[in-house]
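Asks: Now that you have both chains on their own, put them together as the hints suggest.
Residues per chain are reported as follows:
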Amino acid sequence: MLKLAGACLVIAGGAGIGWYMAQLYALRIRLLRELNQAIQLLYGEIEYAATDMVEILWLLGERGEYFRPFFGQVARSLEERNGEPLYHIWEREADRLSRTGENRLAFTREDIRFLKGLGKNLGNVDRATQLHTLGSFQRQLEGMIAQAEESCRGQAKICRVVGTVGGLLTAVLLF
Amino acid sequence: MKKGQHDHRREEILQILSVRLRRILEYADIDYAHLQEIRIRIGAPLMILYRGEEYFVTEKGGLASHPADAHTVTLAELRETMEFVSNYSLYAFEEELRHGFVTIQGGHRVGVAGKMIVERNQIKSIRHISFLNIRLAHQVLGCADRLLPYVRRGDSLYHTLIISPPRCGKTTLLRDMIRQLSNGGNGCKGMTVGVVDERSELGACYLGRPQNDLGCRTDILDCCPKEEGMMMLVRSMAPKVIAVDEIGSRSDVEALEYVMNCGVRVVATVHGDSMEDIENKPVMGRLVKERIFQRYVLLGGQAGKIQAVFDERGSCLAWEKDFAGMGGRVC
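Sequence order for the protein chains is V and Z. All residue numbers for the first sequence refer to our numbering, where the first residue is 1 and numbers rise by one. All residue numbers for the second sequence refer to our numbering, where the first residue is 1 and numbers rise by one.
In isolation and in its complexed conformation, chain Z is listed as follows (with noise of 0.2 Å):
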């Protein structure tokens, strides 16, 4: 990352945070580039996850392993800086919030947590925030350049699936796969494509506007449920491609058939650590059997690392080595 991009993320931070904690981490001597949490705590120790590590931050900005030495959160610097998150004007996330999250400017991530007023078995707003994670929006361009090459089919794509457990990147490489397929280049020509993004994570929009770079061809839906809006998305701005986060229900799957037989190409994501696993799921493993995907990626084992990719009959077309550099990791 760039100095001054180094910088902008930084202050883009520090100025969501309370006085006293804008103070602490301003101190810190810490690279943002690798800074991934912050975690904000009523009465508890402020920590960060830097470089895939947790740390407790004392009060002069020192990073410590041991709680006692951090910085304890207070209420007031808990309320001061929800103010500062949702820009004096709590009233307007409430939609956002009543789904445990707020995304800012640079598409950082604000959870929340704390008591949820709930009627008639929905929730219906939250009371007293007394737990933030500010996730950092993390935005790795280049990390699908291995992959395209396996999912392309000259100047259109398989449709794909991507598999991997939790946190081992597949919406950072969904990312970058809608940037590159969107833009075109190495000899492909860019395609429209619509995404359909239900938790804000793939364009991470604030105010509408995407924060993260999704290509110069892409619609986005922002915290659009996946079923209605990929219909509404193929009635509208006629997609060749659309993107999906994280399917897994009886409704994405039936509207995900819909769109594919407009002759629209899809690529998805879903939560699973094996092709075994898709299979032995009831709405996912017809989709197998059935041969709907013409591309699965397995990520796995590290975040971020390709184990393999198979075509629609499960015969792997690339294993891990194929992706070599960086220890084998795309993101």
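Only chain V is shown next, with the shape it has when bound in the complex (with noise of 0.2 Å):
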């Protein structure tokens, strides 16, 4: 009985850990989906209001789920005004962000690399420049949402059967 109940516990481990990874892949999108939107709020704040980079960070900060610590600690740093450029706060934000709990694990390197991008880009250039980076930006992130959604059907469904089948196989060598 004993046996059996641990043989369950292993199996459901197994399960239970490719449901996380599956997860990962979900949670992926969601903040490149975020961060998607955040960059069109940057583009209509600048395009129609030619809002301040500041009062902007702090509306994504406190629009934003995912990223609101991040667009919230990047307006806070730039209102101190100690000095420091934009892309040098936005650049340890984002190295922040990207160690925090589960995006250390969804976060890709290509995700913070254009994240950091994105900061050196930033409020350095005239409006018409701006706007074409940010566009430019925005295809280039509609893409990865793309590729990950793609990869997310195939890897979550392999991430849950490798999961269940390897708490299985562990079961079965174990018991």
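Just so you know, the hints here were simulated from the structure itself, not pulled from any lab data. Honestly, I wouldn't trust all of these hints.
[Stated by the list, open to error] Some chain Z residues flagged as far from chain V (calculated, every beta-carbon gap over 10 Å):
id, residue
1, 7
2, 28
3, 31
4, 33
5, 69
6, 122
7, 154
8, 186
9, 188
10, 190
11, 216
12, 228
13, 258
14, 260
15, 285
16, 317
[Claimed, not checked] The calculated lysine-lysine pairs, modelled on DSS-like cross-linking and capped at a C-alpha distance of 27 Å, are:
id, chain 1, residue 1, chain 2, residue 2
17, Z, 321, Z, 305
18, Z, 305, Z, 289
19, Z, 189, Z, 240
20, V, 120, Z, 124
21, V, 120, Z, 115
22, Z, 240, Z, 289
[Stated by the list, open to error] Partial list, derived from the structure: chain Z residues whose beta carbon lies under 8 Å from chain V:
id, residue
23, 15
24, 19
25, 90
26, 91
27, 94
28, 125
Bear in mind the structure is a predicted one, so any value in this text is a computation, not a measurement. A virtual CB, placed ideally from N, CA and C, is assigned to each residue, including glycine.
Replies: Right, here's the structure in full:
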């Protein structure tokens, strides 16, 4: 009886790991979609209202879910005006965001590179160039999201199957 | 200037400079109340205009008279400075940059120069900004004290024209006149004053809020062309007085006549170094001949010095000696 219970636990554990890994793929998609919405808001605020960058970042901080601490902290640091350029602050906070909780596992290197690249191109050019740059970042991000969705469908299924099968196999080997 | 104000002014200036330039000027032993300009040019020595004299600033913040001793400004320093000047939002200052300057918190003005992008004979934008001139706001409260009795008529005002060569304090004087006319005092009621601040020099508005004190009954149209602005103020804000800086074009004068005909008193400034100089200008000369203005205030000689006040017939009401004290200077 005990053996059976133990085997069940091992199988459930394996399947759980599989499900968790699959969830990370889904989380990455949610992160990228939120970033895409943030770029859309940036684009709109700059195009129609030429809103101050710090103000936009506060707005993004208020509206965001996963990126809330990131944008909030960048805005806070910019307001301190301690002489640090936007890009340095952005890069530091991007690193911090990518090391926080599940983001650490969900973000790929490409995602972090993309996020840092975005910060490097903010606020230091005229409006037309700024909008053009944001437009091209948005197109690139949409490509990344499509790719992530594509791979999520296959990979998530694999993760779940491998997790469950792995659990079964371990149970068979152990008991 | 009180210590608190001094520190605040210092902070306002330092926070828009790149970290390196900030350090250099932090070391400098200068009184920010007398700092007039900071000149930043890529590959050129860092310079300041201080107490009317030009100095080169060394790496350790010392003031030198030889450029070889000065700190040489780098491209990165200028870019960083521009990032702070624009509050990380260069795109938001496109219109201002097309006019060649940005007004920052405190009313200080950052002049920019570089490669101009021109499209159909119109300046579209500016790229490769390589030269900055940070001009510190300069408000002299009370500098119009001695002039006001000559231009006030009871609770109203004579149509007044301030004539002055560049850099002789006409804007500073006009600014204080606006403040005092608006606030009232010395037995006179305050008046609603409308200001058309085309170059953002009078109110020095930052995010729509004036950084200079223009009085409690003053409405400002910031960065607005004079001609349209004067008409708009008459229609929308019902001012008793309209103040404009640096009139001169035919359309400015037409707008002036329009507002005068509406019963609004006008105080304006114009470039010139004498009454004859103004009379000889085709557009302004007609106003003098037709006695449109009732008071002429002539500045010159040195910054802030009133040379004379004339009435509409050209009779002198006051001479330099009437404004004695501070060497005859009012601002």
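Asks: Confirm or reject each hint.
Replies: The hints, checked one at a time:
{"no.": "1", "hint": "7", "in the structure": "holds, 15 Å"}
{"no.": "2", "hint": "28", "in the structure": "holds, 17 Å"}
{"no.": "3", "hint": "31", "in the structure": "holds, 23 Å"}
{"no.": "4", "hint": "33", "in the structure": "holds, 22 Å"}
{"no.": "5", "hint": "69", "in the structure": "holds, 25 Å"}
{"no.": "6", "hint": "122", "in the structure": "holds, 15 Å"}
{"no.": "7", "hint": "154", "in the structure": "holds, 46 Å"}
{"no.": "8", "hint": "186", "in the structure": "holds, 41 Å"}
{"no.": "9", "hint": "188", "in the structure": "holds, 40 Å"}
{"no.": "10", "hint": "190", "in the structure": "holds, 34 Å"}
{"no.": "11", "hint": "216", "in the structure": "holds, 28 Å"}
{"no.": "12", "hint": "228", "in the structure": "holds, 21 Å"}
{"no.": "13", "hint": "258", "in the structure": "holds, 32 Å"}
{"no.": "14", "hint": "260", "in the structure": "holds, 36 Å"}
{"no.": "15", "hint": "285", "in the structure": "holds, 42 Å"}
{"no.": "16", "hint": "317", "in the structure": "holds, 48 Å"}
{"no.": "17", "hint": "321/Z <-> 305/Z", "in the structure": "holds, 10 Å"}
{"no.": "18", "hint": "305/Z <-> 289/Z", "in the structure": "holds, 26 Å"}
{"no.": "19", "hint": "189/Z <-> 240/Z", "in the structure": "holds, 12 Å"}
{"no.": "20", "hint": "120/V <-> 124/Z", "in the structure": "holds, 25 Å"}
{"no.": "21", "hint": "120/V <-> 115/Z", "in the structure": "holds, 23 Å"}
{"no.": "22", "hint": "240/Z <-> 289/Z", "in the structure": "holds, 25 Å"}
{"no.": "23", "hint": "15", "in the structure": "holds, 5 Å"}
{"no.": "24", "hint": "19", "in the structure": "holds, 4 Å"}
{"no.": "25", "hint": "90", "in the structure": "holds, 6 Å"}
{"no.": "26", "hint": "91", "in the structure": "holds, 4 Å"}
{"no.": "27", "hint": "94", "in the structure": "holds, 5 Å"}
{"no.": "28", "hint": "125", "in the structure": "holds, 5 Å"}
Hint check: no violations occur; every hint is consistent with the structure.
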